[in-house]
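> Just so you know, the sequences run in chain order A and B.
The first sequence lines up with residues 31 to 422 when you count with the working numbering.
The second sequence lines up with residues 31 to 422 when you count with the working numbering.
Because the hints were derived from the structure by calculation, they are not lab data.
Bear in mind the structure is a predicted one, so any value in this text is a computation, not a measurement.
Mixed in with the good hints there might be a few duds.
For identical chains, the list gives no copy identity; a pair is met inside one copy or between any two copies.
[Claimed, not checked] In silico lysine to any residue, SDA-like type, Cα no more than 20 Å apart, as pairs:
1) K313 with D179
2) K313 with D190
3) K188 with R246
4) K188 with G384
5) K103 with M419
6) K188 with D312
7) K103 with D115
8) K313 with P375
9) K103 with N360
10) K103 with N420
11) K188 with A248
12) K103 with Q135
13) K188 with E161
Number of protein chains: 2
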Amino acid sequence: MTIALSQAAPASLITPAALLDEPRLMHNLRRMQQRMDTLGVALRPHVKTAKCIEVAQRQRALGARGITVSTLKEAETFFDAGFDDILYAVGIAPGKLDAVRALRQRGCRLTVLVDSVAAAEAVVQAVVRAERQAERQADAALEVLIEIDTDDHRAGVKPDAGVLLDIGRTLHRGGAVLRGVMTHAGASYECYTSEALAAMAEQERAGCVQAAGRLRAAGLPCPVVSVGSTPTALSARRLDGVTEVRAGVYVFHDLVMVNVGVAGLEELALSVLASVIGHRPDKGWVLVDAGWMAMSRDRGTQTQPVDYGYGAVCDEAGQPIDGLVMSSANQEHGVLSWRDGRIDPALMERFALGTRLRILPNHACATAAQFGHYAVLTADGTLAQWERMNGW
Amino acid sequence: MTIALSQAAPASLITPAALLDEPRLMHNLRRMQQRMDTLGVALRPHVKTAKCIEVAQRQRALGARGITVSTLKEAETFFDAGFDDILYAVGIAPGKLDAVRALRQRGCRLTVLVDSVAAAEAVVQAVVRAERQAERQADAALEVLIEIDTDDHRAGVKPDAGVLLDIGRTLHRGGAVLRGVMTHAGASYECYTSEALAAMAEQERAGCVQAAGRLRAAGLPCPVVSVGSTPTALSARRLDGVTEVRAGVYVFHDLVMVNVGVAGLEELALSVLASVIGHRPDKGWVLVDAGWMAMSRDRGTQTQPVDYGYGAVCDEAGQPIDGLVMSSANQEHGVLSWRDGRIDPALMERFALGTRLRILPNHACATAAQFGHYAVLTADGTLAQWERMNGW
Chain A
31 MTIALSQAAP
41 ASLITPAALL
51 DEPRLMHNLR
61 RMQQRMDTLG
71 VALRPHVKTA
81 KCIEVAQRQR
91 ALGARGITVS
101 TLKEAETFFD
111 AGFDDILYAV
121 GIAPGKLDAV
131 RALRQRGCRL
141 TVLVDSVAAA
151 EAVVQAVVRA
161 ERQAERQADA
171 ALEVLIEIDT
181 DDHRAGVKPD
191 AGVLLDIGRT
201 LHRGGAVLRG
211 VMTHAGASYE
221 CYTSEALAAM
231 AEQERAGCVQ
241 AAGRLRAAGL
251 PCPVVSVGST
261 PTALSARRLD
271 GVTEVRAGVY
281 VFHDLVMVNV
291 GVAGLEELAL
301 SVLASVIGHR
311 PDKGWVLVDA
321 GWMAMSRDRG
331 TQTQPVDYGY
341 GAVCDEAGQP
351 IDGLVMSSAN
361 QEHGVLSWRD
371 GRIDPALMER
381 FALGTRLRIL
391 PNHACATAAQ
401 FGHYAVLTAD
411 GTLAQWERMN
421 GW
Chain B
31 MTIALSQAAP
41 ASLITPAALL
51 DEPRLMHNLR
61 RMQQRMDTLG
71 VALRPHVKTA
81 KCIEVAQRQR
91 ALGARGITVS
101 TLKEAETFFD
111 AGFDDILYAV
121 GIAPGKLDAV
131 RALRQRGCRL
141 TVLVDSVAAA
151 EAVVQAVVRA
161 ERQAERQADA
171 ALEVLIEIDT
181 DDHRAGVKPD
191 AGVLLDIGRT
201 LHRGGAVLRG
211 VMTHAGASYE
221 CYTSEALAAM
231 AEQERAGCVQ
241 AAGRLRAAGL
251 PCPVVSVGST
261 PTALSARRLD
271 GVTEVRAGVY
281 VFHDLVMVNV
291 GVAGLEELAL
301 SVLASVIGHR
311 PDKGWVLVDA
321 GWMAMSRDRG
331 TQTQPVDYGY
341 GAVCDEAGQP
351 IDGLVMSSAN
361 QEHGVLSWRD
371 GRIDPALMER
381 FALGTRLRIL
391 PNHACATAAQ
401 FGHYAVLTAD
411 GTLAQWERMN
421 GW
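Only chain A is shown next, with the shape it has when bound in the complex (with noise of 0.2 Å):
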């Protein structure tokens, strides 16, 4: 699989802006598909990164099956685009039930996320609201995954707890769909090493797997074992008795990922365009109209083995300069300098007044999240708006 290279930036674009490598996108998602393919299990992506129809859609022509959401806003954005298979993978609140229930009764197929009885009661209880209202009690169900906790990193139960047929056995004696478990190891941003890696990918196979025997053991229905992060999808050697993976910033890749080591630089599909817009050659800086507003406050490679400030800096057709990084940051300046200190007044002259650069972000979720659209060089030449979404 070869990537072609990257396309100049129209002159006519506003700095700073997102810009958004169709060749490299495509590529990130055959490559992610494919592996998907290869594994046997069917690919869920979450859509929380780009939070954009079209991405979404080339996704689903690629083989892609339902999306995974990390808001309601984005369930119902995305349903209404005509994805109507989604989980929305963030353990469900109480009070936003009836608007998950308004969705399903609009057609669309919402999966919600427990990891507690008493999340459980709270969705049997909006069940039983539900049946009392509805004409038919098909209407009124809610389709539930148990949220495990496979690496001690966030939210979920133990694969070998008590509570996890407890819940299993509230949710599915108290008129809710059981539909499996679901587990994210996030703590596989931390790895370093293809056997760290392949090791966490394991890990988490291994608990969801372990979680939905027991349920499965007690009498309890668990069509679905859902795992997945972008280091572990590209990392698992094996995915037996696991029926879907989730990924999402694998669609861009970023700064954090090349860290890990599950990415290389020309893999990265979004970066800011930015104007030099002054310099400071006692300091060794050249300013650019791009701070975190547009870069975010994100620091993600701060605690990795390169940190690379706010950003690696590229020239403005996408090629990596080596060591140069946005070394810090206000709201619409960004400082651009050589990462290791050194004070360099060439770069004066080598980035004058005007030059246009492009920075690869540290956290691609962040940094697409300051913008409301991407400006996408298209695989043809051309320059194409493709909208995002934001907020609740």
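Assemble the complex: chain A is given as a structure, and chain B must be docked to it using the hints.
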């Protein structure tokens, strides 16, 4: 001046939501305007924090003259809403001068900023290009301030630098309208005593006044002497020679300003309403549905005397819960725990599933930018929605 008790958040709000307490906002606006009136200078508020027409209208009604913006899109949006005296306070990129001129031709008195001879020459070239096209020479004019560096912090020329006069002459002789000088003492954010703040305010004032004096002594016009930041504006003891003060974050204040010492927790007008979605009793964690996407990734208090993590937790009515913070965050998950690290199982019962809480932000400019509108708790107890603009 008393601050009204904060209103309860309406149950209809979907979490996370950006809650804006209007009585607190009005208190903050009055406090700043009264200070500027007492010091005998005009207030030109920076709209980059709220990016909200309703907020700027209230500032103007209290006496503010003109506005400051951080992007051209802000200039366009606020001009369309009736604000026609605008300072674009980021060094101008040459590629943006045509857009500046287009806005001026529509009647907007938009002033731009330069801090180098190269930028001054770009402005002059734009004026010359315009004169060839314009029917009246006045239509080609560009008004310019020179940025002065009074705190060795970011952009600008030193008050005593020879290049200051070169820039002034380039502009004045080239046909641009040299309106004066401006500075921003961003280093005031790192001051923590009233003495240090007052000294920084005096340094900011004295440096900018010195630069103005040098331009005038060289026979160049300099009617405007513009200084400001929220900490220095609230700490200056005199502003002799200054014509206007710019400040932004004072409209909402935030935890960074509390640490700096220019605001109290009870003056923070912006918070994020969140719902409890889970618990980790083994870790002492309460999970909420506001993560870094809602709070932003800003960790501005990390290097300050009190580190609030991703925010300070209040009850639903806005009463701070001393010591409880958002200690970590994922995209749509926030982890609440005691700041001292103790594991407290009682938190789980105190904040049951579905409980709503408010989180005070580190940095209001960054947190507000994550939202498309504010849910406004008005003085009369009703809920209003005020839009904000984002993007470029």
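> Run every hint past the structure and note whether it holds.
Tested hints:
For the homomeric pair K313 and D179, the shortest alpha-carbon distance between copies (13 Å) is at most 20 Å, but the shortest distance inside one copy (47 Å) is not. Within a single copy, K313 and D190 get their C-alpha atoms only as close as 57 Å, which misses the 20 Å cut-off; across copies the closest is 18 Å, which meets it. Proximity of K188 and R246 under a CA criterion of 20 Å is satisfied intra-copy only: 16 Å inside one chain copy versus 73 Å between copies. For the homomeric pair K188 and G384, neither the shortest alpha-carbon distance inside one copy (55 Å) nor that between copies (22 Å) is at most 20 Å.
Taking identical chains as interchangeable, the C-alpha atoms of K103 and M419 lie at most 20 Å apart whether they share a chain (9 Å) or sit on different chains (19 Å). For the identical chains of this complex, K188 and D312 are inter-copy neighbours only, at 12 Å across copies versus 55 Å inside a copy, given an alpha-carbon limit of 20 Å. With identical chains, the CA atoms of K103 and D115 are at most 20 Å apart within one copy only, with a shortest distance of 15 Å there and 37 Å across copies. Taking the closest pair of Cα atoms, K313 and P375 come within 20 Å of each other only inside a single copy of the chain (9 Å); across copies the shortest separation is 51 Å, beyond that limit.
In this assembly of identical chains, K103 and N360 lie within 20 Å of each other by CA distance solely across copies; the values are 18 Å between and 30 Å within a copy. In this assembly of identical chains, the alpha carbons of K103 and N420 lie at most 20 Å apart whether taken from the same copy (8 Å) or from different copies (18 Å). In this assembly of identical chains, K188 and A248 lie within 20 Å of each other by CA distance solely inside one copy; the values are 16 Å within and 75 Å between copies. In this homomeric assembly, K103 and Q135 come within 20 Å of each other (Cα to Cα) only inside a single copy, at 16 Å, whereas the closest approach across copies is 40 Å.
For the identical chains of this complex, K188 and E161 are neighbours neither inside a copy (32 Å) nor across copies (72 Å), given an alpha-carbon limit of 20 Å.
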